[in-house]
Every structure is written in C-alpha cells, then in structure tokens.
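**Q** The chain contents come next:
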Amino acid sequence: MAIVSIRKLSKSYWRDSLEIPVLRDISFEIAEGDFLGLMGPSGSGKTTLLNLIAGIDKPTAGTIDVAGTEITTMGESPLAAWRARHIGFVFQFYNLLPVLTARENVELPLLLSKLPKKERKEHVEFALKVVGLADRMHHYPKQLSGGQEQRVAIARAIVTDPTLLVADEPTGDLDKSSAEEILKLLERLNSEFKKTIVMVTHDPRAAERAHSVRHLDKGELS
Amino acid sequence: MYILKLILRNAFRHKLRTLLTILGIAIAVLAFGIMRTVVTSWYSGVESSQANRMITVHRVSFIFELPLAYRDRITKIPGVKKVSFANWFQGIYIDKNQFFARLAVDPETIWDVSPEFVVTDSVKEALKKQRNACVIGAKLVRDYNLHVGDLMSIEGDIYPGKWQMQIVGVYQGKDQTVDETQMLFNWHYLDEELKQNEPGRDGHVGWYVLQIDNPNDRARVSAAVDDLFANSSAETKTQTEKEFQQSFVSMSGAILTAINAVAFVIIGIILLVLSNTMAMTARERIGEYAVMRTLGFSAKNISQLVAGESLLISLVGGLIGLGVTYPLCAAIQKIVPTGWFPVFNVETVTVVLAFGSAIAAGVVAAAFPISRAVRTKIVDGLRHIA
Numbered sequence: 001m002a003i004v005s006i007r008k009l010s011k012s013y014w015r016d017s018l019e020i021p022v023l024r025d026i027s028f029e030i031a032e033g034d035f036l037g038l039m040g041p042s043g044s045g046k047t048t049l050l051n052l053i054a055g056i057d058k059p060t061a062g063t064i065d066v067a068g069t070e071i072t073t074m075g076e077s078p079l080a081a082w083r084a085r086h087i088g089f090v091f092q093f094y095n096l097l098p099v100l101t102a103r104e105n106v107e108l109p110l111l112l113s114k115l116p117k118k119e120r121k122e123h124v125e126f127a128l129k130v131v132g133l134a135d136r137m138h139h140y141p142k143q144l145s146g147g148q149e150q151r152v153a154i155a156r157a158i159v160t161d162p163t164l165l166v167a168d169e170p171t172g173d174l175d176k177s178s179a180e181e182i183l184k185l186l187e188r189l190n191s192e193f194k195k196t197i198v199m200v201t202h203d204p205r206a207a208e209r210a211h212s213v214r215h216l217d218k219g220e221l222s
Numbered sequence: 223m224y225i226l227k228l229i230l231r232n233a234f235r236h237k238l239r240t241l242l243t244i245l246g247i248a249i250a251v252l253a254f255g256i257m258r259t260v261v262t263s264w265y266s267g268v269e270s271s272q273a274n275r276m277i278t279v280h281r282v283s284f285i286f287e288l289p290l291a292y293r294d295r296i297t298k299i300p301g302v303k304k305v306s307f308a309n310w311f312q313g314i315y316i317d318k319n320q321f322f323a324r325l326a327v328d329p330e331t332i333w334d335v336s337p338e339f340v341v342t343d344s345v346k347e348a349l350k351k352q353r354n355a356c357v358i359g360a361k362l363v364r365d366y367n368l369h370v371g372d373l374m375s376i377e378g379d380i381y382p383g384k385w386q387m388q389i390v391g392v393y394q395g396k397d398q399t400v401d402e403t404q405m406l407f408n409w410h411y412l413d414e415e416l417k418q419n420e421p422g423r424d425g426h427v428g429w430y431v432l433q434i435d436n437p438n439d440r441a442r443v444s445a446a447v448d449d450l451f452a453n454s455s456a457e458t459k460t461q462t463e464k465e466f467q468q469s470f471v472s473m474s475g476a477i478l479t480a481i482n483a484v485a486f487v488i489i490g491i492i493l494l495v496l497s498n499t500m501a502m503t504a505r506e507r508i509g510e511y512a513v514m515r516t517l518g519f520s521a522k523n524i525s526q527l528v529a530g531e532s533l534l535i536s537l538v539g540g541l542i543g544l545g546v547t548y549p550l551c552a553a554i555q556k557i558v559p560t561g562w563f564p565v566f567n568v569e570t571v572t573v574v575l576a577f578g579s580a581i582a583a584g585v586v587a588a589a590f591p592i593s594r595a596v597r598t599k600i601v602d603g604l605r606h607i608a
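Residue numbers (my numbering), protein chains in the order written: chain A, 1 to 222; chain B, 223 to 608.
These are calculated hints, taken from the structure and not from any lab test. Just so you know, not all the hints are guaranteed correct.
Using C-beta positions, here's what the derived DEER-type ranges look like [claimed, not checked]:
(1) A:G132 / B:L245: 42 to 48 Å
(2) A:T63 / B:L241: 47 to 53 Å
(3) A:P98 / B:Y548: 36 to 42 Å
(4) A:T73 / B:I491: 45 to 51 Å
(5) A:S145 / B:H236: 23 to 29 Å
(6) A:E119 / B:H236: 30 to 36 Å
(7) A:E119 / B:I481: 58 to 64 Å
Using 27 Å as the maximum straight-line C-alpha spacing, the simulated BS3-like pairs for lysine-lysine come out as follows [said to hold, decoys possible]:
(8) B:K227 / A:K129
(9) B:K396 / B:K556
(10) B:K417 / B:K350
(11) B:K346 / B:K303
(12) A:K8 / B:K599
(13) A:K194 / A:K129
(14) A:K117 / B:K227
(15) A:K218 / B:K599
(16) B:K384 / B:K417
(17) B:K522 / A:K121
(18) A:K114 / B:K556
(19) B:K522 / A:K58
(20) A:K142 / B:K350
(21) B:K346 / A:K118
(22) A:K117 / B:K522
(23) B:K522 / A:K118
Bear in mind the structure is a predicted one, so any value in this text is a computation, not a measurement. Positions of the beta carbon are idealized from the N, C-alpha and C atoms, including for glycine.
Chain B on its own, in the form it takes in the complex (with noise of 0.2 Å):
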C-alpha cells in the first residue's frame, strides 16, 4: 500500500505534466479505437458471413443479371440445400442521402438462407402474401421513427418509376453483428412492375444466395454451379459468401490499409509522449532514487517504482480513451447516413489491442528511466543534489 501510495503521489507530482500525458493518451487510444472501429465496421460483412452460404452472380461483373431460370437448375446439384436470389434495387429514398440497402428477395426463402434476420411467422407469411410488402431493420425504424403499416416511397433508379412499400414487419438481428439497415420487399413486385413496364428485364435476378450442406463441399458445389453456365449467355461465378463480402471490401483496401497503418501509428504516438514524460521524470528524480538506493532500497524496489508511475499514468490515460471510445462511437452511428457503418461496435479485439497497446507503452516507456536509475552509481546520483 505504502509504495502504491509513493507511486501515485509521484504520479501526480507535476499535476500539469501528468494530466496532459494522460491526456495525450487517452485521445491517442481514443484514435486508435475509432479507427479500428471503422476498419473493423468494413469487414462486418465478411466477419458475419456464414460458411455454409454462397453467392453466385454473373462471371463478368455483379452489376449483370441472371436468369430465374438458373434457381431449378441449381437446386438439383447435389450438396445445394437451398437457393434464394435477390436484385439490388437501390432507388432513392427521401433524398440521395438516405443511404441503406434496399433488396428485392425471394419470400419463400430469404429466411430459410438467412437465419441471421429474425422475424416472426407472421411476418414471413406477410411478406409472401402482399406483393409491395417489406421488412426492415430495427435500427431503420429507429433512425426513420417508422413503424409497421406505414408506406415507404422509393423514387426507383436502377429501376425507374415511384415505388411505393408497405412495411409488414421489423426483422432484428440474431446478435449486434448483423446488419440492421436493409429493407428487404417482395421480389415478385419488381419482376411484375418490369413485366408491365420494361419487358425483358424481368425473370432476372442479381444473385443467387446458395445454402449448402456441408461447407467443404464448397469448391465441389461452386465448380459444378459455374460448369452448369459455361458458355451460355451468362456465365456465372460462385463462391463463398466471405469471398464475395471481401471482393467488395478490397475495392477499398487502400483506404482501409491506410486507415490500419494510421491505427498503429497512433501506438507509436502513445510510446512517444510517455516515455518522455518518464524520461524526464527520472532524469529530475535520479537523486531521490540514489538516496533511496542509500537508504538500502535495492534495484528492483526502484524499478518497481518507476514501472508503476509508468503503468499507472498509462493506465489511466488508456481506461479514459476506452471510456470516450464507446459513446464516441454510438454518436458517429447516430451522426454519420444510415446504412453508412451498418454496424458500427467496438470489437473486444479492439479494446484488447487499444488497452494493451497503453499498458505496453507504459512498460516499454518505463524501460529507459529504469536503466538510467538503476544503473547510475549512488554516488553520482547523489550529486545530482548537489
């Protein structure tokens, strides 16, 4: 107890010093960890991707359709539990701000392919049975104050004309790391309306979601996909959906690596700041720990001392930034467009790193002062009082 109180009184010997050090880790951490967030926040869709699921989409790039008539044909290879599709529908919602994704999908199935979104039977049957129905995600209720029965008008882009869905139901994610920002309608609305309005564009689909039995029948099951469409009119890719989720992150993986490389640099930052704090400190406390030494302290009750200032300070400083991370984070969800971070939380691997990276700068900074203290001779510390 004596020596944690030593430890804290000469913590906070120099007040101002101190604080601005802690305060400078703090932000640091609190740097670290937003970015981190935002990096992690890229790759939830890959992080959230199930293994038994596969996307196929057309083999020369996504934004082509395929045909609906591929669904039987690839039900019928074997280890294919179930085939779902969905079409990207886009279309503007309030203003071109307002971004969130917006998919036409296949009643009977999506739920079956997507267990992640849960809903109520209810809801699933209503969405089989009214053709403008659609479901959302709970935050898109929260962040819209929308509720079940209201209609939600699309001025339509991909695909032109004024849409206009009725909510049936909320879906909500099985745990946070599923995307609560999807509006999911009734795909049999958009291939009528195309019928009427753009024949030949219906009966086409943006991908197929493909549920299978046993995730290592994987490169079997997309090898046999893809040869079923060789040399037809549209050819197909078909991978996994981690696959699929990454090839759309990689398109920003410069920005992402740079965002990483920044994350880290801030460590770098956090180490700086410290260990010249405790540089000085040790330079200005090498008498009292020559005295110390004197009065028979030995090398490691010295060490002890500075190691624990050192941890200390990068403690307080690294449990500050966490603190300030977390309702930082919540207030750029609430900030930034929906649909911008889906899902914005702050991984424990991000608090594990930020934390850990100010309790090793504390150890690393506290390395120098040791040295110097331990190894400077008493008699030549004690002229430093002189």
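Just chain A, with the same shape it has in the complex (with noise of 0.2 Å):
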C-alpha cells in the first residue's frame, strides 16, 4: 500500500524572468514500510523532491498525497500541523538547537502536541535510548560528536511516531565509521520500528542500505 503518491510533480524556480526547471513532471509511490534511496547528482532535484514530500515546499504543478492527505493545496498553518504530526526530518548539519541540551532538543517537536509533560518526558528518553544516547540527554550539541549529534537529530525525528522519516544527505558531514552507525540506525528503525524512510544520498554506500533506490537526474526520475 502507498502511503506517499506523487502524480505529475513539477517544481521550476525563478531568476529574474528565467524559469529554471528542477523536477519535470515525476509520478511515483512510495510503499508504506519502503526505505527509499534517492540519489542523483548535484542540483539534479533531489533534496527538492525531498522538500516537497515533507511539506517545506510548494510543487508548480502536480500533486503530492501522504497517508490520504494532499498536502500541495494545505494553507501554512495547516500544513505547519501535518508537518508535526506526519513528517520526521533528519538534516544533513543536524540542525540542532545549540542553546538546548540533547533532551530538550528532542522535546520540542513534543511541545506541539498536547502530551502532559510526564509523558514527554518518557517519549523522549525511548527515543534518546532508541539511538543509544540515552546517557548523554543532558549534553549541549558542542558537547557531542558530529555523529552523536545527528542521532540526536534522529531523535528528535522519531519522538512524534511520525508516519514519514525524511533525511537529507544524513551522513554526508560524518566520517566513515559514524555514518555507518547513522545508517545501522535507519535500517533498525524500518525493520523493527517499521517506519518508511525516504533518504536522500550521493553516497552509494548509504544507499546500499535502502531497501529501493530511484534516480534523479536533470529533474526527471529514472
């Protein structure tokens, strides 16, 4: 079953009067419990698509459908909400909030809904121990290592139980042996936590790891 369905997708920006196609009417699914790949040269779409999946981004034409939601016509604020229900993003830079310890970085997705404070406390710390760092939770990012602070940023993905793990380049700043480690934590995290993942890489190593890999190159999916 599809949980994501992108039907004739496109997204052109604009210099000055110069229309500059990115994605060029792509149509495709992705299954619920996929571990999706997509990979392509640089500027060939990919974090665009990635984008336009997680809702940060508006296509010029088609459509996107996640778990029965057409989110290309939602308004911001709704959109704002389905993002923090629906969507885990994992960046490339982490993206941690520098003046938060590690605990309270992967709360704040949490302070959008309405969970009392007690059960927080206790969604955080399963994610925090999900990604083994449960005993640094009350560490600064500058505290942690590159690696530790992007488990801390998968953390923070998955403490909503979101329906779609997004992850953008997520050991493109690592060194080897802790983007092995990021990428043993995605594969555990869609085999025993069954999430869909759509990970965006240039690396083929990382998506070796994926259970599907599509290509995207000069903006149209192979």
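Fit chain to chain and form the complex, with the hints in mind.
**A** Take a look at the structure:
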C-alpha cells in the first residue's frame, strides 16, 4: 500500500524572468514501510523532491498525497500542524538548537502536541534510548560528536512517531564510522519500528542500505 | 515554561551583546526619567496650584508692589472668601548659592489660603505674636540642620540690612508635591523695619492671594478686582494661581521644550539599539527558525519567540533603568542647591512613559525580525545553514 503518491509533479525556480525547471513531470509511489534511497548528481533535484514530500516547499504543478492527505493545496498553518504530526526530518547538518540539551532538543517537536510533561519525558527518554544516547541527554550539542549530534537529530525526528521519516544526506557530514552507525540506526528504525524512510544521498554505500533506490537526473526520475 | 526557557537562553546566547543592549536601554530609560523629572519638577508649582486661588499683582510687572490698602477693597468683592498677601524678600542666607524662597507673609491669613502647608496651631500663633518669627519647610530643616529656636541671619538685598529671623516652627507639605523649601516670616517685621529705615516703602505688598468661594467665578472675580483699580497709580492684574505660576515657567519654555524633545529622542535611541540587536539576531537565527518551522512550529510560534526575546531585553533594560532612576534623582536633589528643584519627585506618569517606551520599543524592534523569520521560505532559511 502506497503511503506517498506523487502525480505529475513539477517544480521550477525563477531567476528574474528566467524559469529554471528542477523537477519535471514526476510520478511515483512510496510503499508503507519502504526504505527509499533517492540518488542523483548535485542539482538533480533530490533535495527539492524531499522538501516537497515533507511539505516544506510547494510544487509548481502536480499533487503529493501522503497518508491520504493531499498536501500541495494546504495553507501554511495547517501544513505546519501536519508536518508536526506526520513528518520526521533528518538534516545533513543535524540542525540541533545549540542552547538546548539533547533531551530538550528531542522534546521540541512534542511541545506542539498536547502530551503532558510526564509523557513527553517518557517519549524523549525512549527516543534517546533507541538512538543509544540515553546517557548523554543532558549534554549540549557542542559537547557531542558529529555522529552523536546526528543521532540526537534522529531521536528528535522519531519522537513524535511520524508517518514518514525523511533524511537529507544524513551521513553527508560524518566520518565513515559515524556514517555507518547512522545507517545502521536508520535500518533498525525501518525494520524494527516499521518506519517509512525516504533518504536523499549521493553516497552509493548509503544507498545500498535502502530497500529501493530511485535516481534523479536533470529533474527526471529513472 | 519551556518556551520561556528557550527565550531566556536565546536572549543570553551572545551575553556581551545582550548585556550591552540592556545597558543601552537602561541608560536611555534613566536619561529619559531624569529629563522628564527635571521638566515635571519645573512645572510642579503649576501642577500644585489650587483652583480656588487667584493672584493679584501689579499690571506692569511682578516686581512692582501694590498698596496694602487694596486688601480691604478686594475683600469686599463678592465671591472673595479670604485675602492674604506676601512680599518676595530674597536676601542672602550663608552665601549666594543657597537659594530658596524667602517670603514675608501675612501671619493672620497665610495658613487659610495655603492649606497645603501643614502646621500646628501653636506655630500659627507664634508667627503672629513674634515679630521676627519665621516658619520653614521640613526640607530646609533637613538640608541645613536647623532647629526650632535657631536664628537665621539674612543679608538683605531687595530690602537692605541685616535681618535676623527666629525659627518658631516647621511646616510639612500636605503631600509630596508641596514645596518644603520655603522660609515664611512675619510680614509686619518687614513693614516695621521699612517704616523706620526706608519710609515710603512700607505699606506695600508684592502680591495678593485671593481665596474664592467658587472656582467657576474666577473670570468674574478677576475682572472685578482689576476694574476696581483701573486708572489708578498701581493697576492690577488678577489671574488664577495656575496662570501665575505658568508665567514663570514660560520664561524657561524654550529650554524645557528642548529637554522634553531630547527626552523623546532618547526613546528613538532605545528603539535603534534594540532594533539593531534584534535584526542581528534574526539574521543569525534564520536557519534555526526554518528548522523549527520544519518541525511543525507555526509562524505564530516563531513570532512569540522573537517577540519574547525582544520584550525580555527591553523589560530588563527598562527595569534596571527605572531602578537606578529613583536613587539617582534622590542623589541629584541632594547635590543641587536647595531651592533649585523644590519638588524633584519621579512622577508616576514619568515611570509609565519610560517603562512604556521601553516595552513599546521591544514590540516595534521585534516587528522586522518577526517579518523576516516568518516570511522567509523554509527552504531558503535552511540554505542559511548549509
């Protein structure tokens, strides 16, 4: 069963009056529980496609249906609430808030839910335990290694139990062994916790971990 | 609580910058508070004027005197309840830098027309009975360490000679807006000395103070008094006490307007200082805001964070500024010679204006960063990180 359905999706940017097409007439589906790798050279539109699926950018044409919700026509506020509920985002550069501890960073998305403090605490501790950083929850990002920061970012992404986990080059800023740890963690989230994952990467070793791989080139999917 | 914690930590992420901004706001609020206090203290005489009090002076100038004989004729005008009179004595007490009002007053009526001066009946009686008696304000007692029974030696200038007044009592102001730096002595002492030493100058007063039954009658009473002495050798000008006081203040009008203008320019400075900090903050955190919006935080949430930080800084700066304003104003009052600012209180309206300005600056300074944080597309904001 498809959890993401993309139909005739196009995206262009405008530089003055010049239209720069990034994605051209893309249609495909992502099955629930899939671990999809999106590959392609720089400028091929991988991140743009990921952003569109995550609802942080709007297409020029086409539709995106995620878990039964057509997101391209949603307004800003409903879309923000939808992201909070359905999307877990892992960035290449972790993007933790430096003034918050690991525990507080992971708790951040839960503030948008109506969970009481006690339950939030349980969720946060569980997420940090899953990524193996329960003992570092009171550390600030600057006190963690790159790999640890990315694991905290993954904990933040999964703490709300989202429908879809999207990762943009999650190993792009890590050394080989840290990257390996992150990929193992993503595999585990997919296999053990049945998370649907869409991962953008141009690292073939990372792509090998995905169940399926799609290639983007000059805005077209192959 | 969590959002407050985030606001607090964000605000002090760049400690030096935030502290300098807070200091800038505090100094601006302090300067505003002091300048406004100077202006309001200048107007304190006007503000403390009584609606049922009128002043009659010589039509040509305040410095010319009026015959004492006018008193009885003014008293007969319908609507006039009580008439008192006084002379500006001036003189030098200790040295020329010791400035405070020294007035020869009618001991029979002064307390009736000036109920804001609180004295005991025994003091009133002592002023009447003793020719060289004087009553001084409580602030003079504190500033010059004077006591009842002490002699005050004054070198006369308008009324030459050596004058010695004995303190028979101390008056308190009814409230803190009342000038407690005046020396009031028995007018008859002045008059008798003039009769002996400068015949012809006696029997004259500087101005009359009229207490009227109904403040709404002031126009009629004013006209009645001035008509009574029209075409005489000493024509009069009768006006409300407020107008009378205002005429003194207006002499310094340009200076006060300038001080007032500078005080409000300072509000602009607060705004610029805070706006600069908040603009830098927004520019630096545009990526973080994009991340938060990716996580599902709405434009409203982000606006609250930015506004909260701006308000926190302005609030702390404003509070520190106001906190320092009170002791500094008290210190200024001690340092400047007695009588320069007889009433130098930080008024509630000054506090409200100063604090309100700091808060308003916090709100306005947040507007541009909020607009930027909210209007920047998430994908563009994320590029700031990459």
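**Q** Could you run down the list of hints and mark each one as holding or not?
**A** Against the structure, the hints come out as follows:
{"no.": "1", "hint": "A:G132 / B:L245: 42 to 48 Å", "in the structure": "holds, 45 Å"}
{"no.": "2", "hint": "A:T63 / B:L241: 47 to 53 Å", "in the structure": "holds, 52 Å"}
{"no.": "3", "hint": "A:P98 / B:Y548: 36 to 42 Å", "in the structure": "holds, 39 Å"}
{"no.": "4", "hint": "A:T73 / B:I491: 45 to 51 Å", "in the structure": "holds, 48 Å"}
{"no.": "5", "hint": "A:S145 / B:H236: 23 to 29 Å", "in the structure": "holds, 25 Å"}
{"no.": "6", "hint": "A:E119 / B:H236: 30 to 36 Å", "in the structure": "holds, 35 Å"}
{"no.": "7", "hint": "A:E119 / B:I481: 58 to 64 Å", "in the structure": "holds, 59 Å"}
{"no.": "8", "hint": "B:K227 / A:K129", "in the structure": "holds, 25 Å"}
{"no.": "9", "hint": "B:K396 / B:K556", "in the structure": "holds, 21 Å"}
{"no.": "10", "hint": "B:K417 / B:K350", "in the structure": "holds, 19 Å"}
{"no.": "11", "hint": "B:K346 / B:K303", "in the structure": "holds, 20 Å"}
{"no.": "12", "hint": "A:K8 / B:K599", "in the structure": "holds, 23 Å"}
{"no.": "13", "hint": "A:K194 / A:K129", "in the structure": "holds, 17 Å"}
{"no.": "14", "hint": "A:K117 / B:K227", "in the structure": "holds, 15 Å"}
{"no.": "15", "hint": "A:K218 / B:K599", "in the structure": "holds, 23 Å"}
{"no.": "16", "hint": "B:K384 / B:K417", "in the structure": "holds, 15 Å"}
{"no.": "17", "hint": "B:K522 / A:K121", "in the structure": "holds, 25 Å"}
{"no.": "18", "hint": "A:K114 / B:K556", "in the structure": "violated, 58 Å"}
{"no.": "19", "hint": "B:K522 / A:K58", "in the structure": "holds, 20 Å"}
{"no.": "20", "hint": "A:K142 / B:K350", "in the structure": "violated, 83 Å"}
{"no.": "21", "hint": "B:K346 / A:K118", "in the structure": "violated, 74 Å"}
{"no.": "22", "hint": "A:K117 / B:K522", "in the structure": "holds, 22 Å"}
{"no.": "23", "hint": "B:K522 / A:K118", "in the structure": "holds, 26 Å"}
Violated hints, in rising order: 18, 20, 21; the structure is consistent with all others.
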